[in-house]
Every structure is written in C-alpha cells, then in structure tokens.
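Visitor: Could you fit the two chains together into a complex? Lean on the hints.
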Amino acid sequence: MPKAVQYRANSIIYFKGDQSERVFLLNAGKISLSYVDIESGQEMRDLIKTGEFFGVKSALGHYIREETAVVLQDSTVMVFSVPEFEQLASKNTRIITKMLKVFSNQLRRIHKQVQTLLVSDEQVNPETGLYKIGEYYMKNKRYAQALHAYKRYLVYYPSGAFATDVTAKIASAEEFLSRYGAGEGPAPVMSAAPAATAAAAGLAPSVAAAPPPAAAGGETSDLAQQYYNAVSLVSQEKYMEAFKAFKKIIDGGADAEYSTKAEFEMAKCLFYLKQFDSCIKSFTAIVQKFPKHPEMKDALYFVARSYGEKGDTAKAAGLFKKILTMGTEDDPVIRKVKKALRALEGGGKA
Amino acid sequence: MSPAAGPDLSMFNRFMVTFRKGDIIFCEYEPGDTFYLLQAGHVQIVRIIGDLEKNIDVLNPGEVFGEMAILEEAPRSATTIALDEVKALEFNRENFEVLMMGNPQIAMRLLKLFIKRIYDQKRRFMILTLEDVEAKVADVFLMLAENQTMDTSAGESIEFKTSVEDMSHWAGIPAGQCREVLNHFVAQRRIELHPDKIVVRNINDFARFVGSRRKHQEK
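Chains as they are written, first to last, in my numbering: chain A, 1 to 350; chain B, 1 to 219.
Source of the hints: derived by calculation from the structure; they are not laboratory data. Hints may be right or wrong, so weigh each one.
Cross-link-like lysine-lysine pairs, in silico, DSS-like; alpha carbons within 27 angstroms at most [claimed, not checked]:
| # | chain 1 | residue 1 | chain 2 | residue 2 |
| --- | --- | --- | --- | --- |
| 1 | A | Lys132 | B | Lys161 |
| 2 | B | Lys122 | A | Lys16 |
| 3 | A | Lys91 | B | Lys112 |
| 4 | A | Lys49 | B | Lys122 |
| 5 | A | Lys98 | B | Lys116 |
| 6 | B | Lys116 | A | Lys91 |
| 7 | A | Lys322 | A | Lys112 |
| 8 | A | Lys112 | B | Lys116 |
| 9 | B | Lys116 | A | Lys16 |
| 10 | B | Lys112 | A | Lys16 |
| 11 | B | Lys54 | A | Lys139 |
| 12 | A | Lys132 | A | Lys98 |
| 13 | A | Lys98 | A | Lys139 |
| 14 | B | Lys122 | A | Lys98 |
| 15 | B | Lys112 | A | Lys132 |
| 16 | B | Lys116 | A | Lys49 |
| 17 | B | Lys116 | A | Lys101 |
| 18 | A | Lys281 | A | Lys244 |
| 19 | A | Lys112 | B | Lys197 |
| 20 | A | Lys3 | B | Lys112 |
| 21 | B | Lys87 | A | Lys141 |
| 22 | A | Lys310 | A | Lys322 |
| 23 | B | Lys122 | A | Lys339 |
If we strip away everything but chain B, and leave its shape as in the complex, we get (with noise of 0.2 angstroms):
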C-alpha cells in the first residue's frame, strides 16, 4: 500500500512493519530505540493517568512518533496503539540519516515536529517555575487557550475538554490540590466545572493574574 500522502518511501518496504487493530506498537516506561513513519491506519497516543487512560492524540497516515527515541533511549512518555491495521515504517538511530538524507519532506516534518516539541515543553517549563499553585493552573488554561490557537481578545468565556487529572498533570501538582485550586476557581466564579469540560469565564483575567504572579517572582 502506498502512504496516503507525502514522498515516496516504496524503497523503504524493507523497514515495514504490521500491527493488527489493538495492537500496542510500544508502552510508555519501555526504552526507546525506535520511531515510526505511519504509512497506512491510524494510531491511538494514550497516556495512562491514575486510574484512567487518557487518549493524548489520534494520528493520521503521513505523521511520524516515537521521534524522542531519535535523541536517546530514554523510556517512551506515552503508549501507542494501533486503532486499525497499521502499517508503518520503523528505523532507529543508525538508519535514521540515511532516510534523511534522501527525504528532504519528511526531514523537514521532523524539524517542525521538534521545533513544535521544544516549544511545547518550554512552555510547560513556564508553568511549573510559577510558585503559586494557583497561578500555575491559571498558566495550564492559558496555555491551553494558545494550543486551541483561538482569539482570547474578546475576553468571552472558553471552553476546554479537559479534566481535573489532566489540569494537575500539566501543572505539576498532585490531583487533589488541583481540584482544590480549581474549587476555589468555581467559588470566585471565575470557572464552571463540568464533568467532560471546563468554561473560563474571562481568560484575560486569568492572563492578567498569572503575568503579575510571573513579574513578582522575578523581582
């Protein structure tokens, strides 16, 4: 089968490899020494949080995962399950420039992806130097208000398909202060909590509050 979109990889067949629907490609904790180029079906991210899996993204023929293993066997940070028949192209360290070298777009993916990586943990690096624990789940909204790439002007309220877990994941706190801190939110009516959402009333306050939290605490 041909890869849905991108260069032609046909000369790649050797390095071609099958999962069935349910599949897991590789576990989050198991060292990494392999990335994958997924040519046919789709494949489920999840991240196993407490007591629940989390579902982190759904990728597409024509996306590539596993890269961090590019840089070091260091253990993988999420699991990966095939969601139909999957086929993909897998290499490793050792074979990872010969493919580069003859694949300017998928190299240039590969810069993007990392470009977009670097900026994603910066920014979570951002949210976890805040010392108050309130300005740092504030940041977690801001930060998600900026991944949904959506005008915040206005200062309308906003919603976010996102859980307490997930909010205490982001800000590095255990889950029980998050709900806490997010308790708090709800009573300052600053938030609404719903089970499958959360609504920020005015996410210019939130930004207001956590840029004089970040002023402070450089002074």
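Isolated chain A (complex conformation) (with noise of 0.2 angstroms):
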C-alpha cells in the first residue's frame, strides 16, 4: 500500500545519485527538484505541481536520480514502490498517456541536441540517405530491399535528385530479381555522379509515371506524397517551386491536416522568396484562423523577421517578446528569437 509521508521544510527526499526504487506524488506543499541541465551546466529548478507524479524515470528505469528532490514548505508526499505505482497507473491510463506526453517531449528535445552535436558527416539528408540504402542493397544484390528503398525514394521524391538513376535502377533491380534471385547475378553497375543525376532529373517526364509503389505496411496515401514532395523543395531552398506544389495540393480540396500545413508551409515560402508583406498576411490569417495553431510561435517569427526585414525593427522587436513569453529556454524557437533579438537590437546600435 502507498503511504503518506509528511517531509518538513527544508529536508531533503532524494539527493541526485541515489538509487531507489520509490515513485513520489506530491499531496500537498511545495518541493522542487534541482538538477544541472546537460547543455548549459547551469543549476536549474523545477517545481513539483500538487497532484504531479516525480521521481518516475529514476525508479521505473532503474537509474540513478538526477536531481535533488528539496522540500520547501512542509508536504505530504505519497510514496509508491514500483509494483504499486504500476497497479494505480494500469488502473487510470490517463496517468500513463499524460507522462507519455511528458516524456516524449524531454525525448524530442535531447534528440534534437544531440543531432545538433553531430558532426556534418554524420547528418545525412534524408533524401540522400534513402537513396543510399538502396544503394547498398543494389550493391550486394539484395534485389527486393534495394526495390523496397528505392520504391519509397520515389514515393517521397518523385523529382528529387536521384529519381532518373533510382527509376532505372528499380527496373534493373526487378530483371535481376527475376532472372538470378537474391545474392546472384551479375555485379550492377553503380551510380553516376549525382550531380549528373540530378541534372538529367530536372527533364525527365518519366519520373512521375514511375510505377505506384508497393507500400509495405500501410499505402502512403498521393497526398502525402504530393506534400512530402513539396516538403523536399523547401528543403532543397527551391521555394517558388515549392510554394507552386503546396499550392496544389491546397487547390487540389486537401484534407483539413494537409491543407492546413501546407497553407503554414506557403507562409513560409513566401518569407524566403521574400514575399515580407504576403508572408505577414498569410501567416496572420492563419494565427487568426487557428489560434491555438500547434506551431504559432514559428508563426510569430516569421511574422517578426518579416517586419524587420522590412525595416520596422520595433515591430519585429515587440513580436520576438512576445514569443519569449510563449516558451522555455530549451524550446529551439526561443533560442532562434533569442539570437534574431539580439541581431536586431545589435543592429540597431551600429
């Protein structure tokens, strides 16, 4: 049975490096939890709400606490073993789903800092990666996963770079497969340059009639195609042809999800093509449209870099501080509104 235990101002329930295998909820009072945070070093402190579960990771992965747990104001914690905090949490999933939610968000962000960390060498972008992984199987005549990678390259890149080389290969990889079977057959001949590639990709109209692929697990529906396609030319910083396709698939009677990303990704589009007035109109009726819009402080600071470029440096300055108060130190848009702030208040002193 969990217990109720009183803790006093000022003491201490966990000290960071302990082991145990206890799960706390905080009743009443007030705790905080103090730890150094991995990319500063600098000493933080969080807040336990009343009713919050804490010391959850520690216990449930058997790893050692990372943080102090300090009673600030006299409290009443319950304290759970494991097996007990299994059994009130397989009986209210709502508190599994909650903490999914939490977890998965600290999992998203130590994601993003490590991918920050890594060498360039070690980013590959996804479009050459996936290319690369039919690549490798092409290479040792493992015909049907070369076809399966390359099926998905022209699923997500119906004109991306390697499409010509990858249509020609998906044919070569079928004759093979046929004809000799898996690990025989004669050695394929690899790829040109994808430089060369890719120039020929730009007057290929074959591409697009490239065979539907064979979707294992699940069809990718055409309009995800359609919008990763159109995802792919952001990323290759061929905007008006990407601001054409999004376009597209919006004139096209798009679902609700895709319409509305594509409708963000126009907005955005327009910012790199320069559009500043259309970007602020676009991305205001959105942020109006959807006011709870997931991804409204990326809206922001598109919207305030669009008036600083214009010149209206109070403008933009106002919006950057606005979006300050809308997240944490550890959200990457902070940090981007952090760095633009301090570029325009900088520029503005030269």
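Guide: Listed below in structure tokens is the structure:
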C-alpha cells in the first residue's frame, strides 16, 4: 500500500546520485527538483505541482536519481513502490498517457540536442540517405530490399535529384530479382555522379509515371506523397516550386490536415521569397483562423522576421519579445528568437 | 495467431499487417508516421554505416518498434527487416491514444521504453559534449560497459563486440580519426584491437580519464 509521508521544510526527499525504486506524488506543500542542465551546465530548479508525480524515470528505469528533491514548505507526499505505481497507473491509463506526453517531449528535446552536436558527415539529408540505402542493397544483390528503398524514394522524392537513376535501378533490380534471384547476378553498375543525375532529373518527364510503390505496411496516400515532395523542395531551397506545389495541394481540395500544413508552409516560402508583406498577411490569417495553432511561435517568428526585413524593427522586437513569453529556454524557437533579437538590437546600435 | 506474450489485443486485428521474410518494414530516412507492436515473428533493426549493414537489434514478439513516430514525423533512424513471417499491429498518432487507454500494459511498456530512450540519448549527449577526442572514445567504452550492466569494480579487462565504425558513430567523429585514437590507445596498451572485438584492459582507468577531462572542461 502506498503511504502518506510528511516532510518538513528544508528536508531532502532524495539526492542526485541516489538509487531508489520509489515513486512520489505531491499531495500538499511545495517541493522542487534541482538538477544541472546538460546543455548549459547551469543549476536548474523545477517546482512540482500538487498532484504531480516525481522520481518516476529513475525508479521505473532503475537509474540513479538525476536530481535532488528539496522540500521548500512542509509537504505531504504519497510514496509508491514501482509495483504499487504500476498497479495504480494500470487502473488509470490517463496517468500513463499524460506521462508519455511529458516524456515524449523530453525525448524530442534531447534528440534535437544530440543532433545539433553531431558532426556534419553524421547528418545525412534524408533524400540522399534513402537513396544510399537502395544503393547499398543493390550493390549487395539484395534486390528485394533495394527495390523497397528505391520505391520509397520515388514516393517521397518523385522529382528528386536521384529520381532518374532510381527509376532505372528499379527496372534492373526487378529484372535481376526475377532472372537470378537474391544474391545472384552480375555486379550491378552503380551510380553515376549524383550531380549528373540531378541535372537529368529535371528533364525527365517519365519520372512521374514511375510504378506505384508496393508500400509494405500502410499505403502512403497520394496526398502525403505530394506533401513530402513539396517539403523536399523547401529543403532544396526551391521556394517558388515548393510554393506552387503546396498551392496545388490546397487547390486540389486536400483534407484539413494537409491543407492546414500546406498553408503554413506556403507562408514560410513567402518569407524566403522575400515577399514579406504577403508572408505577414498569410501568417496573420493562419493565426486568426487557428488561435491555438501548434506552431504559433514559429508563425510569429516569421512575421517578426518579415517586419525586421521591412525595417520595422520596433514591431519585430515587440513580436520577438512576445514569443519569448510563450516558451522556455529549451525550446529551439525561443533560442532562434533570442538570437534574432540580439541581432536586431546589435544592428540598432551599430 | 495470438501474441506470444502480454495482453489480449484481438480487438485490434484490423490494425494487423503481415510481412514476408526479407521484407523491409520501413527504411532509415523515410518519414515515419506509424509504429508497430510485434505480434509474431522477428524483426531485425539495422543501419547502413559506411559500406556495412550494422545489426542494431533483433526484436521478439511483444516488442515495440518505430515508436519515435509517436512524437513527430521525423525520418526513421534505422531500417527494419522481417527475419521470418512477421505479424505486427500498426498504429499511428490518431489511434495511439485509443490503444493506450484500453491497454495499460502496453502503455507502461512504452513508458519504460521512452525512459530508456531518454537516458540513452542523454548519455550520448554527454559523450558528444566532451571536447577531447580521446575522452569521447573512452567515454563510448564506458557507455557500452554501462549497457552491458557488468561489474566493473574489479578493474578486469572487458571485451566489447564492437568495431571502429561503431565507435566512431557513437563518438560522433569520422572513422579515420576514431581509428587514430584507438591505435594510440593500443600503443599505450590500454586496449587490444581485434577484427571482431575490442578489449579494454582497465575500464576504471578510462573512467578516471573521462572524469578528469569532464571536470577540466567545467572549469
């Protein structure tokens, strides 16, 4: 049975480095968790809200405590063993789904932090990466796997840099698979320089007529294909083409999810196309239509940057400061905003 | 076929997908919007590193994969291949909550998986923030030792089934640079480099080395 325990102000429930299999729930009082932020090395302090669990990750994962739990005011805490906690959570899955959301956010954050630290050759752009997987399996005569990777490539990048090459490889892989079988056959001729295929791709109308991929485990809808294709144009900095591709998705009467996403991306393209007035107008419309847009901060960021580009630094600074109130230090948008704000203020003084 | 272990998921049969032996379930780098609960068969997780297909893990029935798609449509971080006939339940973000609500055991398993992922990523972050290249490589050995949950207190030599490419991946440095560091460690008689394994003579020596570098950096 979980038991209620009273803690006096200034006492410590557990120390960083402790190993324990106890999960806690704050019933009443005030408790903070202090820890060192792995990115900045700064001492951080999070307040626990009443009704909130703490010590869950280390207890469930059998890791040492990463933070020290300090009692700030006299508090009542429910103490659970791991089995007791699991029993409670299994009767109330909301507890778990809520935690899953919190942990998934933490995971997303740390994942991004890791990515920023990786040297550039560890970071392959997804388009080239997918192509290279096909190449690897083709080279090793594993035609079925090569076919899968190549076909997925065409789903997402039907007019990508390697599309012509991939279309030809699909034909060879199919032929080799039926004629020789996996692991057999002549050494496949591997790719020409990607630059050459990239140039050829622009001239290859046949690419769009590539065979539909046999999507294993879930068809990707045409709409998703179109959308990813447009997103890939953005990553290639082909903003005009991307803008048109997104517009086509909306004009085609896409469902709400994709037309909303496409609308957002179009507004972003406008910024990169230096159509600052149109960009402001588009994002303002989006924000008005979706006052709780999940990417509100990003939308405002582009509006602020547009004002900045137009020379209206006061408006830009005002908006940047507003965004700062909407998130915390660990949010990449917030860091971007801080940087932009510094640039703006630095520029003002110069 | 009923799952080998765990809760009754027969009401989710409409989410069942089947793969034949050798089928790729998803490819590294393709956008991910689904995740899977393996019900029958085995799934191999691989990454193509350089010119090698690296086995990351083999999953058994009852395990979850592709779960990062619950977070966002980020590119897949590995390729998954069916080792035999595979049956799996395929979910996306929309039907995920329904699944969780009715299946606390799965929800709990996923929670623990996320916890492990968070720790793994944090651990990797710690390696990458080391400035000294030798310390990075040494810290990769420490991480591998932690994952093997071995008793390192005796200070005896430990064998790692790892390669230069693997080590360079974890340390976030080019393979050539990683090989140089490892050769230097060999010259110092701290490790032995074999084709299929690396033997660390004294892991505590590396622990002290990394610890002192980290402290030095904090100053």
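Visitor: It remains to establish, for every hint, whether it holds in the given structure.
Guide: Do the hints match the structure? See the list:
For a cut-off of 27 angstroms, the pair hint linking Lys132 (chain A) to Lys161 (chain B) stands: about 26 angstroms separates their Cα positions. Restraint check for Lys122 (chain B) and Lys16 (chain A): satisfied, since their Cα atoms lie roughly 16 angstroms apart, inside the 27 angstroms limit. A distance of roughly 17 angstroms separates the Cα atoms of Lys91 (chain A) and Lys112 (chain B); the hinted pair therefore holds under the 27 angstroms criterion. Between Lys49 (chain A) and Lys122 (chain B) the alpha-carbon distance is near 25 angstroms, which keeps this suggested pair within the 27 angstroms criterion.
Under the criterion of a C-alpha separation no larger than 27 angstroms, the hint pairing Lys98 (chain A) with Lys116 (chain B) is consistent with the structure, at around 17 angstroms. This hinted pair checks out: Lys116 (chain B) and Lys91 (chain A) have alpha carbons roughly 23 angstroms apart, not beyond 27 angstroms. The straight-line distance between the Cα atoms of Lys322 (chain A) and Lys112 (chain A) is roughly 24 angstroms, inside the 27 angstroms bound, and the hint therefore holds. Taking the CA atoms of Lys112 (chain A) and Lys116 (chain B), the gap is near 16 angstroms; set against the 27 angstroms cutoff, the hint holds.
For a cut-off of 27 angstroms, the pair hint linking Lys116 (chain B) to Lys16 (chain A) stands: about 18 angstroms separates their Cα positions. In summary, the hint linking Lys112 (chain B) to Lys16 (chain A) is supported, as the alpha carbons are separated by about 20 angstroms, within the 27 angstroms threshold. Between Lys54 (chain B) and Lys139 (chain A), the direct Cα distance comes to roughly 16 angstroms. Compliance with the 27 angstroms bound is thereby established for this hinted pair. Simply put, Lys132 (chain A) and Lys98 (chain A) have alpha-carbon atoms about 39 angstroms apart, too far for the 27 angstroms limit, and the pair is violated.
Simply put, Lys98 (chain A) and Lys139 (chain A) have alpha-carbon atoms about 46 angstroms apart, too far for the 27 angstroms limit, and the pair is violated. A threshold of 27 angstroms between alpha carbons decides the hint, and for Lys122 (chain B) with Lys98 (chain A) the separation of about 22 angstroms falls inside it, so the pair holds. Between Lys112 (chain B) and Lys132 (chain A), the direct Cα distance comes to roughly 33 angstroms. Violation of the 27 angstroms bound is thereby established for this hinted pair. Our distance criterion of 27 angstroms between C-alpha atoms is met by Lys116 (chain B) and Lys49 (chain A), whose separation comes to about 25 angstroms.
Proximity of Lys116 (chain B) to Lys101 (chain A) is assessed by CA-CA distance (about 15 angstroms); at most 27 angstroms being required, the pair is judged to hold. Between Lys281 (chain A) and Lys244 (chain A), the direct Cα distance comes to roughly 18 angstroms. Compliance with the 27 angstroms bound is thereby established for this hinted pair. Pair hint Lys112 (chain A) plus Lys197 (chain B) does not hold up; C-alpha atoms about 31 angstroms apart against a cutoff of 27 angstroms. Under the criterion of a C-alpha separation no larger than 27 angstroms, the hint pairing Lys3 (chain A) with Lys112 (chain B) is consistent with the structure, at around 24 angstroms.
A C-alpha spacing of about 26 angstroms is found between Lys87 (chain B) and Lys141 (chain A), which places the hinted pair at or below 27 angstroms, so the restraint holds. Taking the CA atoms of Lys310 (chain A) and Lys322 (chain A), the gap is near 19 angstroms; set against the 27 angstroms cutoff, the hint holds. Pair hint Lys122 (chain B) plus Lys339 (chain A) holds up; C-alpha atoms about 25 angstroms apart against a cutoff of 27 angstroms.
Going through the hint list in order, the structure does not satisfy hints 12, 13, 15, 19.
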